[in-house]
Amino acid sequence: MTGGMDALRNGRRYCLPPLVCRTRARVNPDYPTIYEDHAAWVRRFLPFASPHAASCFFERRYALFESMIYPTGLPGRVVHSSCMTSLMFEIDDLALLQHTAFDEVAAEQTADHPYGPAFVDIWSTLVNNMPEPVFHRYRQGWKDCFRGMLAERDYIARGLLPDFDTYLEIRQFSFGFRPLLACGEYVHGIDLSTLIATDPDLQRAQRTAVMHALLVNDVLSFRKEYTRGDLFNVVSVLVHTHDQRLQTALDITGELIRIADAELADTCATLRRRYPLLPSLNLYLATLNSLCAGNLRWSLETTRYHGTGFGWNGLRHGTVLLDSDRTTLMPATATETPDPNRHTAPETVRLQ
1 MTGGMDALRN
11 GRRYCLPPLV
21 CRTRARVNPD
31 YPTIYEDHAA
41 WVRRFLPFAS
51 PHAASCFFER
61 RYALFESMIY
71 PTGLPGRVVH
81 SSCMTSLMFE
91 IDDLALLQHT
101 AFDEVAAEQT
111 ADHPYGPAFV
121 DIWSTLVNNM
131 PEPVFHRYRQ
141 GWKDCFRGML
151 AERDYIARGL
161 LPDFDTYLEI
171 RQFSFGFRPL
181 LACGEYVHGI
191 DLSTLIATDP
201 DLQRAQRTAV
211 MHALLVNDVL
221 SFRKEYTRGD
231 LFNVVSVLVH
241 THDQRLQTAL
251 DITGELIRIA
261 DAELADTCAT
271 LRRRYPLLPS
281 LNLYLATLNS
291 LCAGNLRWSL
301 ETTRYHGTGF
311 GWNGLRHGTV
321 LLDSDRTTLM
331 PATATETPDP
341 NRHTAPETVR
351 LQ
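Counting from 1, position 253 in the sequence shown corresponds to residue 253 in the UniProt record's numbering; the numbering is continuous, with no gaps.
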C-alpha cells in the first residue's frame, strides 16, 4: 500500500464534498438531563488512565450523539443507549492502541476485563427493559459488529485492504450502527419485530440508513484515520485498491451518500403509503431519518474525529487540511468545489 500512501502525501488538502441529508438534525429536549445522567454512569463505571483522558472523553459529547439520533426518544432509555454506545466507542479507541479483545466481551467473559463492571451493568439494564424480540436483534447487531471488527483486524494484520464491495460488506457490520436500529424501537417503546421480519422494503430502509451513516462516518473520520495510518476506510479503499485519486475517492463517496439519502426518502415514502394507519411505523421511519441526520451533525463537530479543542465553524463542505492533530475546515474556492452534476459512483456499489 506504499504507493497509495505516497500519492496521498503529495496533496496536503482536499475538498470535503457536500454530505447530503434531507432531514435536519434535532436534539432531544431532555438532552441536559441525558448528559448529566450519562456522565454520572461514566464516572462510576469507566476506567480512565488520567483526568486528562476523562476530560477528552467528555469533550466528545457521546450523549449528544444519542440525543440527536433519538430526538423524540424517552430520556431514560436514551441514557441507556448512550451508556452502551459510549462504552463501545471507548473499547474501540483502546482496541486501536491496546488490542482489547472484543470477542471476550461478546462472549460475556467479563470477569477480568477492565470494562467488565460497566458492560454487566448496562447489559443487564437492557436485558431487563427491552422486549425480548427487540433485544434479540439488538444483541445480534453487536455480535455482528464484533465479527466485523475481527474481519477488519485480519486485513490490517496482513497489511491488506479489500476491494470496494467486500469492504462495504464488512463495514456495515463493524461500524456498529445495526444495534442502534433496534434501539430506535426501544427508546420509543415500540416493537416492530414482525413487520421488520416480513417487509423487505423496511429491511431496505434500515440497510440504506446504515449505508448513509457509515459513508458519512468514513468521510468525516478520514483525516484522523489517515494521519494515524488507519486505512480501513472507504476513501482509502478507493485510493489504494481501485487506484482513484484522493479527491475522486471523496467525490465518489459523496455521491454515494446522496444516492443513499434519496433511496431512504423513496423507501420511507413507499412504506408510509403502505401503512398509513400504523403510527408506530411512522415514528420508526422518522427515527431512521434522524439516525442519519444526527450522525452527520455529531460527526461534523465531535472532537473524536477533529481533535481536542475543535470548534465546528458550521461549514458542511469546504477545504480540509491534512493535519495530524486537528481538522481545519475552510470555505472551498471555486476551483475546489465538486461539480454537482458529476456522477462518480462506481457501478459495483449496491445498497441492497
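Keep in mind the hints are simulated off the structure, nothing from the lab. Treat the numbers as computed from the prediction; the structure is a model and nothing was measured. Just so it is clear, CB atoms sit at the ideal spot from N, CA and C, and this is done for glycine as well. Careful: at least some of the hints might be erroneous.
With a Cα cut of at most 20 Å, we get these calculated SDA-like pairs of lysine to any residue [as the list claims (entries may be wrong)]: (1) 224 with 22; (2) 224 with 89; (3) 143 with 18; (4) 224 with 143; (5) 224 with 44; (6) 224 with 74; (7) 224 with 112; (8) 143 with 163; (9) 143 with 12; (10) 224 with 39; (11) 143 with 317; (12) 143 with 307; (13) 224 with 307; (14) 224 with 88; (15) 224 with 322; (16) 143 with 53; (17) 143 with 193; (18) 224 with 318; (19) 224 with 308; (20) 224 with 147; (21) 224 with 193.
Per label pair, the in silico range of CB-to-CB distance [what the hints assert, rightly or not]: (22) 323 with 198: 28 to 38 Å; (23) 169 with 116: 25 to 35 Å; (24) 242 with 124: 42 to 52 Å; (25) 59 with 270: 33 to 43 Å.
- Query: Should the hint that residue 169 and residue 116 are 25 to 35 Å apart at their CB atoms be regarded as holding?
  - Reply: holds (31 Å)
- Taking 20 Å as the top limit, are the C-alpha atoms of residue 143 and residue 193 close enough? holds (18 Å)
- Message: For a C-alpha distance cap of 20 Å, please report whether residue 143 and residue 317 respect it.
- Response: The given pair, whose Cα atoms are some 35 Å apart, is violated under the 20 Å limit.
- Assess, step by step, whether the Cα of residue 224 is no farther than 20 Å from the Cα of residue 22, and give holds or violated. Since the Cα atoms of residue 224 and residue 22 sit roughly 26 Å apart, the hinted pair is violated (cutoff 20 Å).
- Query: Does the alpha-carbon distance linking residue 224 and residue 307 stay inside the 20 Å limit?
  - Reply: Roughly 8 Å separates the two Cα atoms, so the pair holds.
- Holds or violated: residue 143 with residue 163, Cα cutoff 20 Å? violated (24 Å)
- Task: Take a quick look at whether residue 224 and residue 147 sit within 20 Å of each other, Cα to Cα.
- Result: Violated, at roughly 24 Å.
- Message: For residue 224 and residue 143, compute the direct alpha-carbon distance and say whether it is at most 20 Å.
- Response: violated (26 Å)
- Message: residue 224 and residue 308 were given as a pair; does the straight-line alpha-carbon distance stay at or below 20 Å?
- Response: holds (12 Å)
- Please work out if residue 143 and residue 307 have their alpha carbons no farther apart than 20 Å. Distance of about 30 Å is beyond 20 Å: violated.
- Message: Assuming the hint says 28 to 38 Å, is it satisfied by the Cβ distance from residue 323 to residue 198 or not?
- Response: violated (49 Å)
- Query: Does residue 143 pair with residue 12 here, judged by a C-alpha cut-off of 20 Å?
  - Reply: Violated, at about 38 Å.
Against the hints set out earlier in the document, violations occur for numbers 1, 3, 4, 5, 6, 7, 8, 9, 10, 11, 12, 16, 20, 21 and 22.
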